[in-house]
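On the provided structure of chain W, position chain R as indicated by the hints.
Residue numbers (the UniProt record's numbering), protein chains in the order written: chain W, 1 to 733; chain R, 1 to 733.
Source of the hints: derived by calculation from the structure; they are not laboratory data.
Only a predicted model underlies this, so the values are computations on that prediction, with no experimental measurement involved.
Quick list of the computed label-pair ranges, beta carbon to beta carbon:
1. R/F335 / W/R590: 48 to 54 Å
2. W/E142 / R/D605: 41 to 47 Å
3. W/N330 / R/Q588: 52 to 58 Å
4. R/K631 / W/H98: 53 to 59 Å
5. R/P401 / W/E652: 41 to 47 Å
Keeping only pairs whose Cα atoms sit at most 30 Å apart, straight-line, the calculated DSSO-like set for lysine-lysine is:
6. R/K440 / W/K303
7. W/K596 / R/K712
8. R/K137 / W/K696
9. W/K570 / R/K687
10. W/K712 / R/K596
11. W/K303 / R/K438
12. R/K137 / W/K700
13. R/K303 / W/K440
14. W/K687 / R/K596
15. W/K687 / R/K570
16. R/K721 / W/K721
17. W/K687 / R/K687
From the three backbone atoms N, C-alpha and C, an ideal C-beta is built for every residue, glycine too.
There are 2 protein chains.
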Amino acid sequence: MISPSTDNMHINSETSTVNGTSHTAYGKNVVAELKKEEKEEAKAVQKLSKEHDIVLKTFRILIADLCQQFGGGHPGGAIGMAAIGVALWKYVMRYAPHTPDYFNRDRFVLSNGHTCLFQYTFLHLTGYKDMTLDQLKSYHSERVDAICPGHPEIEIEGIEVTTGPLGQGIANAVGLAMATKNLQATYNTPDFDVVSNHTWCMIGDACLQEGVALEAISYAGHLKLNNLTVIYDNNQITCDGSVDLTNTEDVNTKMRACNWNVIDIEDGCFDIEAIVDALNQARASTDKPTFINIRTVIGLGSKVAGDAAAHGAAFGTEDVANIKRVYGFNPDEHFVIGKEVRDFFEKIPDRGQQLVQSWEKKVQEYESKYPELGAEFRRRREGKLPDNWEDLIPASFPEKPVASRAASGLVFNPIAKACNNFMVGTADLSPSVNMIWKDKVDFQPPDLKTQCGITGNYSGRYIHYGIREHAMAAISNGLAAYAPNTIIPVTSSFFMFYLYAAPAVRMGALQHLQVIHVATHDSIGTGEDGPTHQPIELANLYRAMPNILYIRPGDSEEVAGAWKVAIEAKNTPSIISTSRQALPQIPQTRRDMVAKGAYVLEEVDDADLTLIGVGAELSFAVNVAEALKEKNIKARVVSFPSWRLFEAQPLEYRRDVLRRHRFPAVVIEPYAANGWERYANAGINMKRFGQSLPCKAVYKLFGFETEPMTEKVSAYLERLKSDEILRTEWVDL
Amino acid sequence: MISPSTDNMHINSETSTVNGTSHTAYGKNVVAELKKEEKEEAKAVQKLSKEHDIVLKTFRILIADLCQQFGGGHPGGAIGMAAIGVALWKYVMRYAPHTPDYFNRDRFVLSNGHTCLFQYTFLHLTGYKDMTLDQLKSYHSERVDAICPGHPEIEIEGIEVTTGPLGQGIANAVGLAMATKNLQATYNTPDFDVVSNHTWCMIGDACLQEGVALEAISYAGHLKLNNLTVIYDNNQITCDGSVDLTNTEDVNTKMRACNWNVIDIEDGCFDIEAIVDALNQARASTDKPTFINIRTVIGLGSKVAGDAAAHGAAFGTEDVANIKRVYGFNPDEHFVIGKEVRDFFEKIPDRGQQLVQSWEKKVQEYESKYPELGAEFRRRREGKLPDNWEDLIPASFPEKPVASRAASGLVFNPIAKACNNFMVGTADLSPSVNMIWKDKVDFQPPDLKTQCGITGNYSGRYIHYGIREHAMAAISNGLAAYAPNTIIPVTSSFFMFYLYAAPAVRMGALQHLQVIHVATHDSIGTGEDGPTHQPIELANLYRAMPNILYIRPGDSEEVAGAWKVAIEAKNTPSIISTSRQALPQIPQTRRDMVAKGAYVLEEVDDADLTLIGVGAELSFAVNVAEALKEKNIKARVVSFPSWRLFEAQPLEYRRDVLRRHRFPAVVIEPYAANGWERYANAGINMKRFGQSLPCKAVYKLFGFETEPMTEKVSAYLERLKSDEILRTEWVDL
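Isolated chain W (complex conformation):
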């Protein structure tokens, strides 16, 4: 008899670790064994209660049917994980299908997202209202409003994060668990645990190979996230064959070396009781995250059981029919969910509503006893910042040259200090990114005493991620996904290393998560570190990526504007791209105009051309315009911090800024030109990688000094006069 977990369960016994006995054979061997197993099935099933038996069979057949209808999809993993799902959704997880966004719900992440039918089907069985049987059957259909896409998507009730690209989900789960820790440390009191949820993350063999997951695993162990459980669907199969083709490490020992508890489950296909026991042990862990290594068989019951062929293709009508026959089902019936199965899950929505009501009552009492804390906790749940955050932005800046990374600190440090929504992290570049505020507290396990003398606790909001840029961004997606805008994660690094982080930055954009990325050293002006650290082409990626704001402010005033835009972008990640080197302050810049994407810095009615300046090199355009005057050439100057913001403006505004039908435009930016052709006719840009030289010398080497640029622009205007075709073409100056 397995008891359902309750919200107030506290098991304080130390988590024990069951060492693995011999590993079940997999791959082709397993297929042979399965044939024996099929014969002996009656015996195996006796280990199961009758109702578990029928639930597992129904679930497995349903998955086979759902993949078979359109002849595609990923049946094998979902079928292998059936017993794990029953353990989680029936016995262990605390959630409310009829209040899917219940704040204190356990979070579940399917990091092996291609097995999405596993999750969709349990959402259906446990009573999530949107997930009807009809919707379930939309998997791989042409239905445009389907909620069963090929990988789980955050927009769907009961899905916490979008997954699919392997390794992302487990890092998201680390972020979700960190969010819980931070909110607990901030709002729980000795008498009220208003935040107490656990995070469960399902992974497959692939996630344990991806670098982003390995970074996140190492970091979660460091943080002692005892509220995180990773459940490893160890079926030893990937697309190419058995895992030992590419990975023969001792994963349990590796996890223990990373400060994780490890629990082994030998029979993950049927032994629901053992799985429940392990999950409950994991929830009770007091000191470490838990890794449950569960042996399963991919595509169990099918002819391709235990084989790579079970991973990413339907089994074929004949095999599906055969599974049904062996399981005692009618092979001619499809999508059958019998009454016993419905009954088995029937009470889950009510149980969930009881959880919700009990929690809401608790929060009411909490708000009465702790009115200030209660009000703040409510503000956070509503995703609001303190009202006065805008007032904290400096009204003006010193006139002397200053690096925009330093200006970024001046703008944001007071806001970070005052607004506890922000959790601000860095991938080991604290001295460079200027994100530390006075009296900041580090997010750390409270018992950590580092060699360098720094301590912290879980209420801390400054995060040292280590040299793990990819995990930093993926974990930040998890922090942001905990609840909308309750936590606004800020990441920081050199811009170039947002190429390491790019897959996770993309996932944030895809999920409409507000994450603010603060990137410094954003051009060849970075200098001595050389071409490996000088971004030339990276902005092109982020300018092309949907739903992200890439902003290159030109001086401190524009930095203020960039931060305002980023903080107000509640459904969109931003990248604030700043300079290593000091930048002159330009009197005409305006913080309020950054939100327009581009604006006229210097207007001239009878101009000869428009010069476009950007970010760290905005002053170059101003200087060239000035120098052109000596040649009797009149240049308008446009500051252009963000393409995406500009594209959102009305056509009329965009035409007023660019006036391209009247004047040719030349852009100055030491990045690859690609895309500037939309706004300009010619450009002074980069066509090769940079070079290791001091800032001024590298600008000089590539011709980004006032005199040669002025010459290039005036020569271009001359050429335009004599070559008619030129006006219809882009010209690299």
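Relative to the frame of chain W, chain R by itself:
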């Protein structure tokens, strides 16, 4: 007395593993201890021979001086690693300063590339001719022809790979060691070991946190690369402070779990003898790669010793002077390398030339005894392919629709089979990428027997990288860097996952390494897998990245052209971007024109517009042109597989293809438009992420069907007639 290693040394004793005793204290504690240490220095130094003592002091002072001259750079790590350098360059590594590209040299990779002065200084001391003292002093100078950039660069004599972005170097080293294994298995005979070099890789604390390194470590253990040694400069300091701020795992246990030998060195600052012993043990390993965990003190001797402040800034003139005083040097003298130190390294070039001569003699004898094998080994060393490789490309293709990923296999499989320069890998997508040739042999340790029944050996050239896209690309850079074009690595995955691999792909481009990346599932046509797997913006990155050929062939004929270009691009990586779905074969496509980047598919003299089609959607442009005829609109059609190749054509050719002064151009490509503005006036492109739907349905959803596209194009032409400004602007259709 330490003996120099010799080329024929064979130590067959089993590698022993020294377990760690208590870890030396680091961080602030160490600074306190150092003050004691300074007092007791005379005693400490007695452990050293007199000549080692003077060499270490000279080296450390030289590093401090080199950083101090321009007040910047990374002195701390290089100073901490001095004794490791002496052990490597004086006693262990087999190399030839006067023949830097000696084929059988040991490879050394500085994965912690910011400590580059460490390597530059040893190159100088051991007699590399280009690395003069004058050049050494160019570190951080404005000298444009300097060979001491801020991170090591492959173009410099004695540098094997460019490093800097952390974690890349160790993955490159895995590739270098794999190259050795493959060449050994292919060319060594029982009586001739013509390839016998070892790969040594220096890493810092950061490399052990980066995902790409963790992927490569796991894979190197799987491959049993006993010819690889990773030397861990364990100074427990990163930019933010002590490593335990972010990483408290048991690294030795983790490495052992990944199938590595582990050797501990407690006193890495002075104990050259112990280091040499460990390095020799590592070279003698018969079964595993070796990890040598060496405790050092960052910035040893300076006031900031053992502190993060020693990492990335010069020490200041006062501290540098003080170090000199304590070490018994004249504080007013700079860049001093005394006679004892010169004498210590004096014989190394001669020793190197002896190695070279002995190896050349061996190869001569080998060529006499094994003329065929010898000739082939020579061809490979010269970076040549067998002469007939082009003849292996099919002269024509079936007319029926075929996925370009399948066509890619048809073209390349016979070449891969016949030309053993190619080592072809996949990140666990063998069933999707079509890179397996008949009778291919896997690159695997010969004793591996996998559950799925696959075996291999080190002469195998098909590489299962596991789900490790980033390491796959970084390891491939190492394979390519072993010797120019001796090995031509091919990687393969879904295009979307080249975002995971992007930092390594960039490093390949920066280093001019020929690596061919085969990407499939390259558009929304990928279908059901949904937006996480549908690239929208990724091509923008690779089209903007310098020195890489991103090619999107439109049908089988263009696939043939793309492969020809990629194979002939000896100094440039390529990405061949292919479709999941079947593509119609277009009669007018021409393989020879792919090299031009773009070409006219259908010419019309009195056209109304030019339609540009690309890759998987090339047929869409052809179909729209056909449909426009019914509206009496005449469209030229241009096929445009590669921007970079087109930009390399003469202006005249480019104008002939585009004829933009005469006709407006419209591009059709379901990617972000950015950059197409250079070649077209309007586009039918993507402005949001894709959606999980079957291929045809997703194209329909986003309007990529002939009818709506034809309507858009004709409406645009109408608008052009009435709106003069429109012709000067880009229009999103």
